[in-house]
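Could you put the whole structure together from the sequences, leaning on the hints where they help?
According to this note's numbering, the sequence shown is numbered sequentially starting from 1.
Misleading hints may appear alongside valid ones.
No more than 20 Å apart at the CA atoms, straight line, and that leaves these computed lysine to aspartate or glutamate pairs for EDC-like [to be verified]:
hint: 1; residue 1: K65; residue 2: E92
hint: 2; residue 1: K165; residue 2: D29
hint: 3; residue 1: K43; residue 2: E74
hint: 4; residue 1: K35; residue 2: D51
hint: 5; residue 1: K39; residue 2: E92
hint: 6; residue 1: K53; residue 2: E94
hint: 7; residue 1: K130; residue 2: D29
hint: 8; residue 1: K35; residue 2: E166
hint: 9; residue 1: K39; residue 2: E166
Treat the hints as calculated values from the structure; they're not laboratory data.
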Amino acid sequence: MKALLSITFFLLLFSSCIPTKIAPNIKEDKVMVAKKFKKGLPKRNSFIFEDPKNANEFYQYINNKFKLNDKDVEWNVPFIVNNTEYYLSFHEVERSTNTINLAPMVIDAALEQNDHTPILEELHTSRSGKWYVVLTVNDEDFKDCLKENYAKRDEIVVFLRQLRKEYLSTSHYESLLFKK
Numbered sequence: 001m002k003a004l005l006s007i008t009f010f011l012l013l014f015s016s017c018i019p020t021k022i023a024p025n026i027k028e029d030k031v032m033v034a035k036k037f038k039k040g041l042p043k044r045n046s047f048i049f050e051d052p053k054n055a056n057e058f059y060q061y062i063n064n065k066f067k068l069n070d071k072d073v074e075w076n077v078p079f080i081v082n083n084t085e086y087y088l089s090f091h092e093v094e095r096s097t098n099t100i101n102l103a104p105m106v107i108d109a110a111l112e113q114n115d116h117t118p119i120l121e122e123l124h125t126s127r128s129g130k131w132y133v134v135l136t137v138n139d140e141d142f143k144d145c146l147k148e149n150y151a152k153r154d155e156i157v158v159f160l161r162q163l164r165k166e167y168l169s170t171s172h173y174e175s176l177l178f179k180k
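Following this line, the structure appears as structure tokens:
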């Protein structure tokens, strides 16, 4: 019985880690206040989705789709939904998952007790990150178009979902220049 408890203890010890910060999983997209998603973002409603692509690819996509020639690509990009002009701004942000790994800490503590230097200090914590695209939309009066009580919010969310799907399915953004 004592051997079984010892084995169970060591299995739990070597497989355990304590998360201190967890990056959210967003299946498709989510509409929420950007500042609640990540500090430093505006206190506006936003359309958020995970970005599995490399850095700056969304920038290139928006630049080519709206033919911006690298001018004001991230801020107030005009687009039209049902004959009304809106303005799109975006942020590419990273959220990380941080964990404390118990096994390396216990091993290093045992080594220190026996007057040896710790060898697993780099493994005491681990970090992995996910990237997200955060889109905000306003009209010509600078009203938050993703707010729940905005009259044409649903139309704009449908447009943003189409934009997300097109971005994720497109690999050569130059081909967007030939689409209407």
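Against the structure, the hints:
no.: 1; hint: K65 x E92; result: holds (17 Å)
no.: 2; hint: K165 x D29; result: holds (10 Å)
no.: 3; hint: K43 x E74; result: holds (17 Å)
no.: 4; hint: K35 x D51; result: holds (18 Å)
no.: 5; hint: K39 x E92; result: holds (13 Å)
no.: 6; hint: K53 x E94; result: holds (12 Å)
no.: 7; hint: K130 x D29; result: holds (14 Å)
no.: 8; hint: K35 x E166; result: violated (26 Å)
no.: 9; hint: K39 x E166; result: violated (28 Å)
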